[in-house]
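If you read the sequences in order, they're chains X and R.
Residue 0 is where the first sequence starts when you use numbering that gives the first Met the number 0, and the numbers rise one by one after that.
Residue 0 is where the second sequence starts when you use numbering that gives the first Met the number 0, and the numbers rise one by one after that.
Hints listed in this document are in silico derivations from the structure and should not be mistaken for laboratory results.
Hints should not be assumed to be uniformly reliable.
[As the list claims (entries may be wrong)] As a list, the in silico DSSO-like pairs of lysine-lysine whose alpha-carbon atoms are at most 30 Å apart:
# : chain 1 : residue 1 : chain 2 : residue 2
1 : R       : 42        : X       : 322
2 : X       : 421       : R       : 271
3 : X       : 206       : X       : 125
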Amino acid sequence: MNKPNAYKNSAAIQASLKKRYARERRFQWYGRLAVLTGFIFLFILLFDIISKGAPAFTQQYIKVSVDLTDFELQSDASQEQLFRADYMSVIKSSLREMFPEVSGRKPKKQLYRLLSAGAEYDLRDKVMDDPRLIGKTTDIWLRAHSESGSYLKGQVTGDTPESERKVKDQQMVWLDQLRQEGRTESRFNIAFFTQGDSREPEMAGIKVALYGSFFTLLVTFAIAFPIGVFAAIYLEEFAPRNRITDLIEININNLAAVPSIVFGLLGLAVFINFFELPRSAPLVGGIVLSLMTLPTIIITSRAAIQSVSPSIREAALGVGASKLQTVFHHVLPVAMPGILTGSIIGMAQALGESAPLLMIGMVAFIMDAPAGVTDPATVLPVQIFLWADSPERGFTEKTSAAIMVLMGFLIVMNALAVYLRKRFELK
Amino acid sequence: MDTTTVFLVVILLSVISFYVGRRRSHAVSAGQGGVKTLHSLPKHYGYMAALWALLPALLVLVLWMAFENGILKNLVVAQLPANVQAMPPSEQGLYYNQIVSYARGSIDADQLDKPQVIAAQSYSALVASAGRIKALLVFLVAAIGALLALRRVHPLLRARNHVESIFKWILFSCSFLAVLTTLGIVLSVLFEAIRFFQTIPLQDFLLGLEWSPQMAIRADQVAASGSFGFVPLLVGTLLISLVAMIIAVPVGLMSAIYLSEYASRRFRAVTKPVLEILAGVPTVVYGFFAALTVAPFIRNLGESVGLNVASESALAAGLVMGIMIIPFVMSLSDDIINAVPDTMREASLGMGATMNETIRKVLLPAALPGIVGGILLAVSRAIGETMIVVMAAGLSANLTINPLEAVTTITVQIVTLLVGDQEFDSPKTLAAFALGLVLFFVTLLLNIIALYVVRKYREQYE
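Could you put together the complete structure from these sequences and hints?
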């Protein structure tokens, strides 16, 4: 057996080995630390968004005994009249009846601020559904204001000095009283998905943004998918080795790295100022995003076409198919899962993109859902950008919730892409 | 007729042509021994007729749409009184836009003067007749195309080859679109940028130390011209990118080394996709995170140790941008480290070097050019990144290299100059295109260098 001790400088070697191993261990820890740092950043990001956004999915309601005995209309009024009636004053007088001790302009105003401006519409819908409510006093659940909502949710407490919060002490007393009487309730916030943008946080929803994103992605896909796949087919199967082909390839690689905002400038200068297409419309947004995602789709489709086994091509050519028939009947179906994977990833990129859309004016305040690709619209990421600018606490919550919805869509799309890739790999 | 209807009708016409063409191929072959005598399959004759109907008609439609507005404007303006025709082009454009919006019903008549109302009526009439002429012309072209194709149907006609060569041209034009896009980008930013440099000299732009694009509306106002010095924007952009790189490069590179050299296969399979989630998060989310969480956090942290940190500090934006770029650096370095041949690793380990010595003295020097290329790509990403800095960096230009202060970047300025109401000819708007031009060429240059370095490096080991 070797006896290392037999060497004359073994002590020095031992010492240096110890040092070297220590350094090795340290190095490994640096690596673990780096991976851990990435994880921590991801965790903080997700935790921050989810903890801020989760409350936005619930909406607080307050049960108000609405006094419709002195209502301006009778129960036989037409729907049109009911639609136009003044419900705000009914709500205000009902609130005064519930808290008869309130007097003075300012306290009354605070009292009214317990309820959302949308409470009016809640009541209108109730009355229009059932006109027999007129002439009676009924308990009706009405939407709470976002500020009283945040108190009921426990986001704001009496610990903060009154000057630093929007919910005043008096309002807290009323809300506590209502809560004790069982007159408050937390429900799933459907309005968040069924309403457009609004200046009031509790009435703002992402419906318009969802529609806008849908139409924009539709245009993007309709343009980018066929053109991307055709370009990939040309470059992989037909392109001769010459200067033009080189030029095309260099351009595709460079376009993949051009900042997205530059595509926005292109859209503004070419599609809006030159072709005079409508501003703020999903049509232009979709065209710009399709130019942006084309390189992604082309590059991934080329990889997918490349990976199709040459034996398939040769077999098809051998039985007399033309080159084009070979590609469209035999190569393309085999490459399709790979192409779809790439396209879905490209679409996910387009869904999350906002900078070029700011350039072409998709930043408008829009309350009505677009009905087509030429109506003004906004998209989910831009809606997030707009809400993130609003200082109200209610909007921070909405922004995070909209981010959660957006990330949900992205996760679904990426999961689909991974699933397709897995299936593709098995073949 | 609106464009969508015309388009749909053209599609319908081409579908009909397909069936007629196919039937005609049956008909011409019927007397001569049936389908077998045809050169191509019957459907190829159908495709031929369909393409002949579709393509020229679509071309006419697109050309019509491209020139319609310009021609309409000329026609309408020609009817306007002489004083309007003598207006400078920008004023005339506004005047004309009012006519158009009135004709479309988006503004009321009382905002206009009398000639405008008359012009709006003639505009509406012109639009209506233009729509009719467009539809007629397009349908006529489609019909003529289809008829020409149908006349040529003959058993000896090589329809398949014909269709396939048309198809190859379609495939080619799809891939050529990439070149057109680049051309479009260059031309659209270049033209506006040249107009900008006609008012603001190039050297003032490139060497100016002050950026305040607020232009006076009238020329006789005090401080009539804003200053368009590019240097503070460049310094701000580089400062934020530097902060981002300081975060992203060590973390990304060390993660890549650890995952490719030390980690078990299972650990790697779980960790890599999780870290890549960071790359899939939309930038607007990072912007929100930077503006509402990181910036206040850094500000409070700074206050607690007595530092005065701006609420839109370069540090916050750079830090979050760094987080965004981590997976980018990681996967690029991962590719490059994996491209180093195993023989080099094994030789070094065989000589008795520890893993970390192998990495530091063999792998990294060998991979260095590739890693530098990857970092350059990451820098170009950071320079072009928009949403994070729009939401978390400052708006006013500030020539400083202190990351605790607010700076602004090229992309922030492009967005602030172009979002919202703008008159198209003011230097303020044109400045955005000049900045876009700079941004495009800087990132292009970085990418070309980076791709060249990476490719050279790969070739070395292939």
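Against the structure, the hints come out as follows:
1. R/42 x X/322: holds, 17 Å
2. X/421 x R/271: Since the Cα atoms of residue 421 of chain X and residue 271 of chain R sit roughly 16 Å apart, the hinted pair holds (cutoff 30 Å).
3. X/206 x X/125: It holds: about 22 Å lies between the C-alpha atoms, which stays within 30 Å.
In the structure shown, no violation is registered for any of the earlier numbered hints.
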